[in-house]
Amino acid sequence: MAGQTLYDKIWNQHVVSEDAATGEALLFIDLHLIHEVTTPQAFAGLKAAGRGVRRPDLTLAVADHNTPTEGQAKGLDGVTDEAARNQLKALTRNVAEYGIEYFPMGHINNGIVHVVGPEQGRTQPGMTIVCGDSHTSTHGAFGALAHGIGTSEVEHVLATQTLRARKMKNMAVEFKGAVRPGVTAKDIALHLIAKIGTAGGTGCVMEFRGEAIRSLSMEGRMTLCNLSIEGGARAGLIAPDEVTLAYVKGRPSAPKTGAWEIAERYWQTLFSDDDAVWDEVVEINAADIEPTVTWGTSPEMAIPISGQIPDPAKMSDPVKKTAAERALDYMGLEPGADLAGTPVQRVFIGSCTNSRIEDLRVAAEVAKSGKVAEGVRAMIVPGSGLVRAQAENEGLDEVFREAGFEWREPGCSMCLGMNPDILAPGERCASTSNRNFEGRQGRGGRTHLMSPYLAARAAITGVIGP
Amino acid sequence: MKAFTKLRSTAAPLTDKGKLMVNVDTDMIIPKQFLKTTERDGLSEGLFHELKTLPDGSPNPDFVLNKPQYRDAGVLIAGENFGCGSSREHAPWALLDQGITCVIAPSFADIFYNNCGKNGILAITLPLEVCEALAGQAGGSNSVFEIDLETKVVTTPDGAEHSFDYDEGRREKLLKGLDDIALTLQSEDSISAYESQRKLSTPWLETAS
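Those protein sequence lines, which keep their order, are chains A and B. Position 15 of the first sequence, counting from 1, maps to 17 under the working numbering, and the rest follow consecutively. Position 85 of the second sequence, counting from 1, maps to 89 under the working numbering, and the rest follow consecutively.
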């Protein structure tokens, strides 16, 4: 029998039943993360059908998408947007009714769902994890099968603790060698997406492999897996190792002594066998990766920071050409010009991609070198209450304030503009988030995705640059 | 979920400078400000909001669904990787609310594709050249397409027929409008058996919360 991939192993461990005729399986879900935006209709559906939540103990709720990132102490009544307030209150009512653990806005454990799960030790290797949010792929950093689902599926998981799923394809993304100094997980991800395109991983689970991946911290691995979805793959995976275990150990929901040893033995079996069969293989020479920034309106429109903005006239693919013309028009950029030197008005450091302590430490180092440039508004939004508290313990908040950055409260913030943090039309933003789609951060807003280091540099210099 | 068997309707091509739009993302299909609802209905207001309105909020006369001859289209034709981005089911809900129950494109993003099937929307994958040919036939009010899920054939206004592939399991559910949860609850014994075995094989997960 041929060897198995990590994905095969996790899949097999979780199949409740399988319909051979249709290829559809019922997959047991170990952890269901929920938030205010993609659940109200699911709870309403449950209620209408007279169904309950099967495993509230395997469900964890946070409020993150809609929450304002200042004045959280005022509570939900202080949320000025009525629709957002209603949605947050609906979640509060629903979790109380069904007995689901909930970290509400303002709670020290509250934050972005994909920061909170790992931080609490709820995210563990070998698990199946779903959430009504496409960046659930983040948790793949622990060697957990984790992906986004729609609201109908949220309702299905609430009612049955299973998901109807079809096996996806196995894609190996092999990084050869080590990355150059100064190249971060964000650069690795943007480089990969630029190479394979935003549909490159469609239908696949991507496993990131090789020395460059092994050398990443858990924060870096989460950044990379977070962006799998931007490469079209619903899930990304990195096999657990001693870095993973060291991160999980001692967290509130991690297995305690005794159970830990049993869990550890199982986790050590979670890797792709040498003779595993891959449906697709992508190879990347890690030394080729440079600090990378997006220039357009899709995450695949990314180039090295030292590069020139592509010229649609030189593109042979008519589809890419039309898309590039539209993107340049929207972004207000000239083909052939250097990307470096482009002025920004806003800087956003945060989101489920880059709002963890390591990201903030990198940004703070840069912040020590100067002041936020004239005409630039720069926001730091920690990923959770705990990240915020840790940063404050380390004095990072002082460094940021001193340099002229705004030090905010946790939440999704300007990543998706569902809360008061948005761009004005035409404003250009250096952003550590995950999507540069038209209007994503506010209608007419122009987003350049980049690492926390480059975003902090842009804040200080006022321009995109190395 | 409403069943999908056969649809006779006009079709609207989503184009930019004459080319089918690629990578139409979920933020484009329905932007964030419309996600704060706790209902599934009424989302057509937000459908393609930034494409269909001008910066001052007035309707963009050039947007296809604003043109009278396409306003009632039940079919949408687009380019590759339609529905990429977020998992928001508000995207198919907005299409449904607009009366669009069939989307035809060369490829779809996984989560969006899945969400369509759960909401009675038929997402059909056809090669780019066929999608372009279909778009060429989408002339508005008098150009009626027929989409038959029984036979898996799209018939264009000029009578040309295009067969498409569609997963049998999904097809069965869509044809009958079946509710996944009711189906799964029939497997209650299997789920309980799995849970009992799980307590033994991965006991630490039982006490994780």
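Simulated from the structure, these hints should not be mistaken for laboratory data. It is possible that part of the hints are untrue.
In silico DSBU-like cross-links for lysine-lysine, where the CA-CA straight-line distance does not exceed 35 Å [unchecked claim]: (1) A:322 with B:56; (2) A:49 with B:71; (3) B:6 with A:91; (4) A:323 with B:23; (5) A:49 with B:10; (6) B:156 with A:323; (7) A:258 with B:203; (8) B:71 with A:323; (9) B:156 with A:171; (10) B:156 with A:316; (11) B:71 with A:171; (12) A:76 with A:91; (13) B:6 with A:169; (14) A:76 with A:49; (15) A:197 with B:21; (16) A:49 with B:203.
One side only, chain A facing chain B, incomplete, derived with CB under 7 Å [to be verified]: (17) 22; (18) 86; (19) 134; (20) 135; (21) 154; (22) 166; (23) 196; (24) 259; (25) 260; (26) 263; (27) 265; (28) 328; (29) 464.
Some chain B residues well away from chain A (every beta-carbon gap over 10 Å; in silico) [as the list claims (entries may be wrong)]: (30) 13; (31) 21; (32) 26; (33) 48; (34) 62; (35) 123; (36) 140; (37) 141; (38) 154; (39) 162; (40) 168.
In this text, all values refer to a predicted model and were calculated from it rather than measured experimentally. C-beta: ideal position from N, C-alpha, C; glycine also.
Q: For the pair we were handed, residue 71 of chain B and residue 323 of chain A, check the Cα-Cα distance against 35 Å.
A: Cα-Cα ~26 Å, so holds.
Q: Run the C-beta distances from residue 48 of chain B to all of chain A and say if the shortest one exceeds 10 Å.
A: With a cut-off of 10 Å, residue 48 of chain B remains clear of chain A, as the shortest Cβ separation is near 16 Å.
Q.
Does residue 10 of chain B sit within 35 Å of residue 49 of chain A, going by the straight-line distance between their CA atoms?
A. holds, 31 Å
Q: Report holds or violated for the interface hint on residue 134 of chain A, using the least CB-CB distance to chain B and a cut-off of 7 Å.
A: Holds - the Cβ of residue 134 of chain A comes within 7 Å of chain B, reaching about 6 Å at its closest.
Q: With a cut-off of 7 Å on the beta carbons, see whether residue 22 of chain A makes it to chain B.
A: Constraint on residue 22 of chain A not satisfied, violated at 11 Å.
Q: With chain B as the partner, please determine if residue 86 of chain A meets the hint condition of a C-beta pair closer than 7 Å.
A: holds, 5 Å
**Q.** Status of the stated non-contact between residue 162 of chain B and chain A (beta carbon gap over 10 Å)
**A.** Correct as stated: the minimum Cβ-Cβ distance to chain A is 25 Å, above 10 Å.
Q | Assertion that residue 154 of chain B lies farther than 10 Å from chain A (Cβ) | A | Its Cβ never comes within 10 Å of chain A, the nearest being 17 Å, so this holds.
(Q) Please verify that the nearest CB of chain A lies beyond 10 Å from residue 21 of chain B's CB. (A) It is violated; residue 21 of chain B is separated from chain A by about 6 Å at its closest Cβ, not greater than 10 Å.
Q | Straight-line alpha-carbon gap residue 76 of chain A to residue 49 of chain A, limit 35 Å | A | Since the Cα atoms of residue 76 of chain A and residue 49 of chain A sit roughly 30 Å apart, the hinted pair holds (cutoff 35 Å).
**Q.** Given hint residue 135 of chain A near chain B, where the shortest CB pair must fall under 7 Å
**A.** holds, 6 Å
Q | Hinted pair residue 258 of chain A and residue 203 of chain B, Cα distance within 35 Å | A | holds, 16 Å
In this structure, the hints that do not hold are numbers 2, 10, 11, 17, 23, 24, 25, 26, 29, 31, 32, 35, in rising order.
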